[in-house]
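Protein chains in written order, with my numbering: chain F, 1 to 325; chain G, 1 to 256; chain W, 1 to 440.
Derived from the structure by calculation, the hints contain no laboratory data.
Just so you know, these numbers come straight off a predicted model, no measurement behind them.
In this text, a Cβ means the ideal position worked out from N, Cα and C, and glycines have one as well.
Any given hint could be a false lead.
In silico PhoX-like pairs for lysine-lysine, Cα to Cα no more than 20 Å straight-line [claimed, not checked]:
{"hint": "1", "chain 1": "G", "residue 1": "K216", "chain 2": "F", "residue 2": "K133"}
{"hint": "2", "chain 1": "F", "residue 1": "K323", "chain 2": "G", "residue 2": "K252"}
{"hint": "3", "chain 1": "F", "residue 1": "K321", "chain 2": "G", "residue 2": "K244"}
{"hint": "4", "chain 1": "G", "residue 1": "K188", "chain 2": "W", "residue 2": "K4"}
{"hint": "5", "chain 1": "G", "residue 1": "K107", "chain 2": "F", "residue 2": "K89"}
{"hint": "6", "chain 1": "G", "residue 1": "K64", "chain 2": "W", "residue 2": "K4"}
{"hint": "7", "chain 1": "G", "residue 1": "K216", "chain 2": "F", "residue 2": "K283"}
{"hint": "8", "chain 1": "W", "residue 1": "K117", "chain 2": "G", "residue 2": "K194"}
{"hint": "9", "chain 1": "G", "residue 1": "K188", "chain 2": "W", "residue 2": "K158"}
{"hint": "10", "chain 1": "W", "residue 1": "K4", "chain 2": "G", "residue 2": "K194"}
{"hint": "11", "chain 1": "G", "residue 1": "K64", "chain 2": "F", "residue 2": "K131"}
{"hint": "12", "chain 1": "G", "residue 1": "K252", "chain 2": "F", "residue 2": "K321"}
{"hint": "13", "chain 1": "G", "residue 1": "K64", "chain 2": "F", "residue 2": "K323"}
{"hint": "14", "chain 1": "F", "residue 1": "K320", "chain 2": "G", "residue 2": "K252"}
{"hint": "15", "chain 1": "G", "residue 1": "K66", "chain 2": "W", "residue 2": "K345"}
{"hint": "16", "chain 1": "G", "residue 1": "K232", "chain 2": "F", "residue 2": "K283"}
{"hint": "17", "chain 1": "F", "residue 1": "K133", "chain 2": "G", "residue 2": "K20"}
Computed, partial: chain W to chain G, Cβ under 7 Å [stated by the list, open to error]:
{"hint": "18", "residue": "K109"}
{"hint": "19", "residue": "F132"}
{"hint": "20", "residue": "A134"}
{"hint": "21", "residue": "I137"}
{"hint": "22", "residue": "R153"}
{"hint": "23", "residue": "T154"}
{"hint": "24", "residue": "E157"}
{"hint": "25", "residue": "V283"}
So the derived list for chain G, only partly shown, Cβ under 8 Å to chain F, looks like this [to be verified]:
{"hint": "26", "residue": "K20"}
{"hint": "27", "residue": "I53"}
{"hint": "28", "residue": "F104"}
{"hint": "29", "residue": "E163"}
{"hint": "30", "residue": "I184"}
{"hint": "31", "residue": "N186"}
{"hint": "32", "residue": "L220"}
{"hint": "33", "residue": "R228"}
{"hint": "34", "residue": "K232"}
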Amino acid sequence: MSTLLTFISVTDGKIKRSSLEVLSRCNELAAEHGLKSAALIISDKASEASEEVKAYGPDEIYTIEDPIFKNHINAPLLKALSSAIEQVKPQLVAFASTESSKDILGALAANRNAPALADVSEFELTDNGVKAKRPVMASKIISAVEAKGSPVLLTVRSGSYDVAESSSDASVEAISFSFDDADLKATLKEIIGAAGDKIDLSEAQTVIAAGRGVKDEEGLKMIDELASVLNAGIGASRALTESGVYDPSLQIGQTGKVVSPQLYIGIGISGAIQHVAGMINSKVIVAINKDPDAPIFEIADYGIVGDLYKVLPPFIEELKKVKNN
Amino acid sequence: MKIYVCIKQVPDVNAPLQIKDGELIQDADRNILNAYDASAVEESLVLKEAHGIEIEVVLIGPEKAKETLRKALAMGADKGTHIISDELVNPDSFVYAQLLAAFFKDKEYDFIFCGKQAQDTDAGLTGSMLAEFLNLPYATNAVGLSLDGSTLTVKRQGDAGQEIIELPSPGLVTCSNDMNEPRIPNLKGIMQSKRKPVDMISAADLGIDITEEQIKTRVLSFEEKPAREAGKKYEGEPDEIARKVAQLLDTKENVI
Amino acid sequence: MDEKFDCIIVGAGVAGLAAAMTLARNNMKFLLIEKGEFPGSKNVSGGVLWGSDLAKLVPNYWEEDGGWDRFINHRRLTFMDDQSAFSVDFKSSHFNEPPYTGVVVLRSKFDRWLADKVQEAIDESDYAMDSFIAPNILVEEVLMENGKATGIRTGDEKFYADSVIIAEGVNNLLTRQVGLQNKYVPADHILTGIKEIIRFDQEVLENRFQLRGKSGMSNEFVGFATDGVEGGGFLYTNQDTLSLGLVLGLKDLREKGKEPYEILNTFKKHPVIADAIHGGEVVEYSAHVVSSGDKRVMPEKLYLPGLLVCGEAANLLMNAGKAIQGMDYAIRSGIIAAEAIINAKKAEDFGETSMKKYQDSLNDSYVMKDINNFQDAVHLLHDPVMTQKMPNLICDFGRNFFSIKNEPTQKARKMFGKSVKKHSSYLELMKLGWKGSRAL
Ligand SMILES: Cc1cc2nc3c(=O)[nH]c(=O)nc-3n(C[C@H](O)[C@H](O)[C@H](O)COP(=O)(O)OP(=O)(O)OC[C@H]3O[C@@H](n4cnc5c(N)ncnc54)[C@H](O)[C@@H]3O)c2cc1C
Ligand SMILES: Cc1cc2nc3c(=O)[nH]c(=O)nc-3n(C[C@H](O)[C@H](O)[C@H](O)COP(=O)(O)OP(=O)(O)OC[C@H]3O[C@@H](n4cnc5c(N)ncnc54)[C@H](O)[C@@H]3O)c2cc1C
Ligand SMILES: Nc1ncnc2c1ncn2[C@@H]1O[C@H](COP(=O)(O)O)[C@@H](O)[C@H]1O
Numbered sequence: 001m002s003t004l005l006t007f008i009s010v011t012d013g014k015i016k017r018s019s020l021e022v023l024s025r026c027n028e029l030a031a032e033h034g035l036k037s038a039a040l041i042i043s044d045k046a047s048e049a050s051e052e053v054k055a056y057g058p059d060e061i062y063t064i065e066d067p068i069f070k071n072h073i074n075a076p077l078l079k080a081l082s083s084a085i086e087q088v089k090p091q092l093v094a095f096a097s098t099e100s101s102k103d104i105l106g107a108l109a110a111n112r113n114a115p116a117l118a119d120v121s122e123f124e125l126t127d128n129g130v131k132a133k134r135p136v137m138a139s140k141i142i143s144a145v146e147a148k149g150s151p152v153l154l155t156v157r158s159g160s161y162d163v164a165e166s167s168s169d170a171s172v173e174a175i176s177f178s179f180d181d182a183d184l185k186a187t188l189k190e191i192i193g194a195a196g197d198k199i200d201l202s203e204a205q206t207v208i209a210a211g212r213g214v215k216d217e218e219g220l221k222m223i224d225e226l227a228s229v230l231n232a233g234i235g236a237s238r239a240l241t242e243s244g245v246y247d248p249s250l251q252i253g254q255t256g257k258v259v260s261p262q263l264y265i266g267i268g269i270s271g272a273i274q275h276v277a278g279m280i281n282s283k284v285i286v287a288i289n290k291d292p293d294a295p296i297f298e299i300a301d302y303g304i305v306g307d308l309y310k311v312l313p314p315f316i317e318e319l320k321k322v323k324n325n
Numbered sequence: 001m002k003i004y005v006c007i008k009q010v011p012d013v014n015a016p017l018q019i020k021d022g023e024l025i026q027d028a029d030r031n032i033l034n035a036y037d038a039s040a041v042e043e044s045l046v047l048k049e050a051h052g053i054e055i056e057v058v059l060i061g062p063e064k065a066k067e068t069l070r071k072a073l074a075m076g077a078d079k080g081t082h083i084i085s086d087e088l089v090n091p092d093s094f095v096y097a098q099l100l101a102a103f104f105k106d107k108e109y110d111f112i113f114c115g116k117q118a119q120d121t122d123a124g125l126t127g128s129m130l131a132e133f134l135n136l137p138y139a140t141n142a143v144g145l146s147l148d149g150s151t152l153t154v155k156r157q158g159d160a161g162q163e164i165i166e167l168p169s170p171g172l173v174t175c176s177n178d179m180n181e182p183r184i185p186n187l188k189g190i191m192q193s194k195r196k197p198v199d200m201i202s203a204a205d206l207g208i209d210i211t212e213e214q215i216k217t218r219v220l221s222f223e224e225k226p227a228r229e230a231g232k233k234y235e236g237e238p239d240e241i242a243r244k245v246a247q248l249l250d251t252k253e254n255v256i
Numbered sequence: 001m002d003e004k005f006d007c008i009i010v011g012a013g014v015a016g017l018a019a020a021m022t023l024a025r026n027n028m029k030f031l032l033i034e035k036g037e038f039p040g041s042k043n044v045s046g047g048v049l050w051g052s053d054l055a056k057l058v059p060n061y062w063e064e065d066g067g068w069d070r071f072i073n074h075r076r077l078t079f080m081d082d083q084s085a086f087s088v089d090f091k092s093s094h095f096n097e098p099p100y101t102g103v104v105v106l107r108s109k110f111d112r113w114l115a116d117k118v119q120e121a122i123d124e125s126d127y128a129m130d131s132f133i134a135p136n137i138l139v140e141e142v143l144m145e146n147g148k149a150t151g152i153r154t155g156d157e158k159f160y161a162d163s164v165i166i167a168e169g170v171n172n173l174l175t176r177q178v179g180l181q182n183k184y185v186p187a188d189h190i191l192t193g194i195k196e197i198i199r200f201d202q203e204v205l206e207n208r209f210q211l212r213g214k215s216g217m218s219n220e221f222v223g224f225a226t227d228g229v230e231g232g233g234f235l236y237t238n239q240d241t242l243s244l245g246l247v248l249g250l251k252d253l254r255e256k257g258k259e260p261y262e263i264l265n266t267f268k269k270h271p272v273i274a275d276a277i278h279g280g281e282v283v284e285y286s287a288h289v290v291s292s293g294d295k296r297v298m299p300e301k302l303y304l305p306g307l308l309v310c311g312e313a314a315n316l317l318m319n320a321g322k323a324i325q326g327m328d329y330a331i332r333s334g335i336i337a338a339e340a341i342i343n344a345k346k347a348e349d350f351g352e353t354s355m356k357k358y359q360d361s362l363n364d365s366y367v368m369k370d371i372n373n374f375q376d377a378v379h380l381l382h383d384p385v386m387t388q389k390m391p392n393l394i395c396d397f398g399r400n401f402f403s404i405k406n407e408p409t410q411k412a413r414k415m416f417g418k419s420v421k422k423h424s425s426y427l428e429l430m431k432l433g434w435k436g437s438r439a440l
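Bound-form chain F, shown alone (with noise of 0.2 Å):
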């Protein structure tokens, strides 16, 4: 029986919520072509993990454990995927897409002489391979594309699907790996501004997004009153990033990250194609801006004309009385 495996990313012993939602497609899909879904973890504390994972309802599930994995470093990402690969056969391998996840699809699709598909929306299985559907041309439209061959390897934008929860005794085996670090061409030499205990942008359910608009401290100090109060992630566009204002990793849209939250609050953000491909599946979107023309506001489930330093106190003064209540 073929499988269809799923790769579970963990950071810091963390599972990544959104490769339980690509797990629970699996499941699904194998449930409706007879078929095996299977779990692979490659992590230095990957057993830990197995046990959670259980939880998500695999058939199987594969560990690779070794301390080299506690950081992403491309190469022995690469040759673990590829030792599993080969002993698995899994006719699909599918990640939830993430900056490690895109780092080595590439790679290993050459390696594995197989198709890739990055950053589907949504993925079927056919005779021979996959159909999914694919933003394009800056999410402004839809691609169906079709990938031939075996195994398929897929990214998956994280809330294309819901995760399922269902318990399963799936049987964990480890894969044997050995890494020789002579071989390790290219060296990670540090992290700079790890997250931490940080809200994970693309996993909140709230997202406060700030833009041009946000000029000053002021601002800023808003901004994080708005995000404590709610509780939400912060995220910016690129205009606030490239200034250095906030970290490149809080970038939402096209170079960035891919948010679909509940809630997204955009602050002076114009509502540029490249950003909006970032959050327009956001379930209910609230713009902030003065110009009423803002390209933002045709997106827009409640838009608020006005300037931002007007608008936010008694906007943070109304939720926190909500919240109260």
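Starting from the known structure of chain F, arrange chains G and W with the ligands on it as the hints suggest.
Chains G and W with the ligands only, in chain F's frame:
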């Protein structure tokens, strides 16, 4: 020292487009240098200015794409190779990477720069595919670079933060547009670009014959995105509208 | 490479491209500079290019795909009040054969195509490696030495040439900088043009406007179209889109406190327009200044030693009601300017008298002859009687004339008299008729 930069011509996503019977109709004249590749060219030029490196750009594309190659030369690259791709009907990233790999097979270089993704399809595959084909160490999504001797220090935007990676020569880097503001060619640059050498070769010259059936991924059709209706715009007294929307988010949307 | 050019042309609009084509064909070494990302990127006009001068630049141009969509064989002039429209309509198969009398062009495509043609001409000339089309460069200054133009400056780069042709279009900053446009141009001589491109299924468009193959229609509007503001409206059929727009007097707009897009929205709700555009999707919106075609604002002198001004930079444009002519004037003046430069080069004389020959030739051409002859018509179009009372009167008459009410019908003359009294007076009409007959 020598750096190659792989550049692609892409349709301008800001130009009007239309879908008819599943086909995408775009203004064939609105093609531009992929923004991420422009950043890769810019970064190579910054290194060239500091370290005196030779910069060559490589583009696979139809005859008409030569203006994009000229643009990179006008920015300051020293020479170009244009791999004419007319006969390839619908190449995907894999095909481009194969062609590029064939081109680089017998070349000498220190680094290859690519864009992190093509602006129109956002695939982001070619760079790391090429690295694997050429068996090169690589780093993707670079947001900063510096050169020390023959080692490139790459700052890449990762999931956990910014990873600082040391990449020995030869190696490959894919560049984000977050690392710089690409220069706009000046008049001298434009004039000089006309005299810079451009090699024109074909896929056949590279000994590669790709047939439609071999292509692993292809686009079946294009669809409109389900339209997102504009909601209500609130104008007027800031205090009033701010409170009003805050309440609605709670009572009507239930997202607070 | 740093040596001097024969000529530097500023602006790759139709005028600049026409001049460049002429220079390239005559083996001149030149530089054509355009501030837009590519030739045509800054041009919104997209309208009808009248006449056949394009064939002078590119013989048999109609055999290529250069951003023209249709050839005009159907013309209509419409007077409007708030409910009705009374049209003069002319369709002729005479207009169906090359060289066509009017071709609908989309400038963003057309200018690029023409620039490619110029590049081909450069490639075939002796200066294949030494003449350039340079986009994305803003010329900030024309360099002058002892009253003679010697080159241009962009940023901190300077380039030198025997001559400079200014073809910068209606915002003629450089023409002002060199002192040729020194008159104060009052707001009532400036118009603003706004335009929407509305897309249809091609078949729907063709059926709706009775288009076959490449045939096309142009329609001008007077009256309610501009909601009481002086100016007029236009509608052209493109391949699968309509260009719908207005040209409005800036001063009148200001005085009446109206916004162009509001007027355009009202225009679009007029039953006649609503029927024409229903089911279409607006895919582009643009706005641009247009000169009024009033000779009083034209620079008197279009040359200086080593320098010529052509196209709309010289205010060469006419809107006398039946059509906007700007692009054809731009082409002809560009050609004449280039010819003057070619002759000057032969004589190695770029002095005052040599340059003056440009203006002399221009005066002898249809461009200045028409501009001179039709000045009254230009003024007439901005006469409130013409833009408001007349259309109302005509539509009122039309409504009566075409109504059949099962009541005794009045003679047309009587009906007309009533309409005249309601909206105007015979005296006013006679004055207008007098002006009109003189004007046309
Ligand atoms: C290939 C490519 C990829 C890109 N990727 C991304 C990406 O991933 N993410 C991204 O964000 N951008 C991206 N961009 C850039 C994008 O095109 C825009 O330039 C950027 O999003 C603009 O940011 P902004 O809306 O903050 O700034 P602006 O466009 O400058 O908008 C600022 C807005 O703030 C409003 N404003 C100003 N003051 C106030 C005030 N006091 N109160 C209320 N409102 C105010 C203004 O009306 C204006 O609408 C990309 C561009 C390219 C070419
Ligand atoms: C709404 C509208 C409708 C119209 N309809 C018609 C019509 O149906 N038929 C018709 O014949 N005419 C029409 N016109 C008029 C016509 O567009 C102009 O008369 C014509 O474009 C003039 O050509 P030009 O080459 O002189 O100037 P332009 O076409 O304006 O070209 C000037 C070029 O110079 C460039 N430039 C300017 N300054 C600089 C600088 N400093 N450095 C570098 N480059 C510079 C500009 O970017 C531009 O590309 C219309 C105009 C408008 C606004
Ligand atoms: N046709 C091409 N010619 C040259 N380089 C290319 C081509 N296609 C892709 N690339 C390079 O690969 C990068 C990523 O492309 P993609 O995988 O299509 O997103 C681009 O930014 C270029 O650097």
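Review point. Holds or violated: G:K188 with W:K158, Cα cutoff 20 Å?
Key: OK: G:K188 and W:K158 at ~10 Å, within 20 Å.
**Study point:** Satisfaction of the W:F132 interface hint, Cβ to chain G closer than 7 Å
**Key:** 6 Å, holds
**Study point:** Given hint W:R153 near chain G, where the shortest CB pair must fall under 7 Å
**Key:** 10 Å, violated
Exercise for review: Take the C-alpha atoms of G:K64 and F:K323, compute the straight-line distance between them, and say whether it is at most 20 Å.
Suggested key: Not satisfied, since the Cα-Cα distance of roughly 59 Å exceeds 20 Å.
Review point. Once the shortest beta carbon distance from G:I53 to chain F is found, is it less than 8 Å?
Key: Not OK, violated: G:I53 not within 8 Å of chain F, min 20 Å.
**Study point:** Restraint check, 7 Å cut-off on beta carbons, for W:I137 near chain G
**Key:** Interface hint status for W:I137: holds (5 Å vs cutoff 7 Å).
Check your understanding: Is the straight-line distance between the alpha-carbon of G:K64 and that of F:K131 20 Å or less?
Key -> 32 Å, violated
Review point. Are F:K323 and G:K252 close enough, with their CA atoms no more than 20 Å apart?
Key: 15 Å, holds
Point to revise | Evaluation of the interface hint that places G:N186 against chain F, nearest CB under 8 Å | key: 23 Å, violated
Practice item. Grab the minimum C-beta distance from G:F104 to chain F and call the hint holds if it beats 8 Å, violated otherwise. Key: 13 Å, violated
Practice item. Closer than 8 Å between Cβ atoms is the bar; does G:K20 clear it against chain F? Give me holds or violated. Key: For G:K20, the interface hint is violated, since the closest Cβ of chain F sits about 12 Å away, which is over 8 Å.
Exercise for review: Take a quick look at whether G:K64 and W:K4 sit within 20 Å of each other, Cα to Cα.
Suggested key: Since the Cα atoms of G:K64 and W:K4 sit roughly 30 Å apart, the hinted pair is violated (cutoff 20 Å).
Checked against the numbered hints above, the structure breaks hints 5, 6, 7, 11, 13, 15, 22, 26, 27, 28, 30 and 31 and satisfies the rest.
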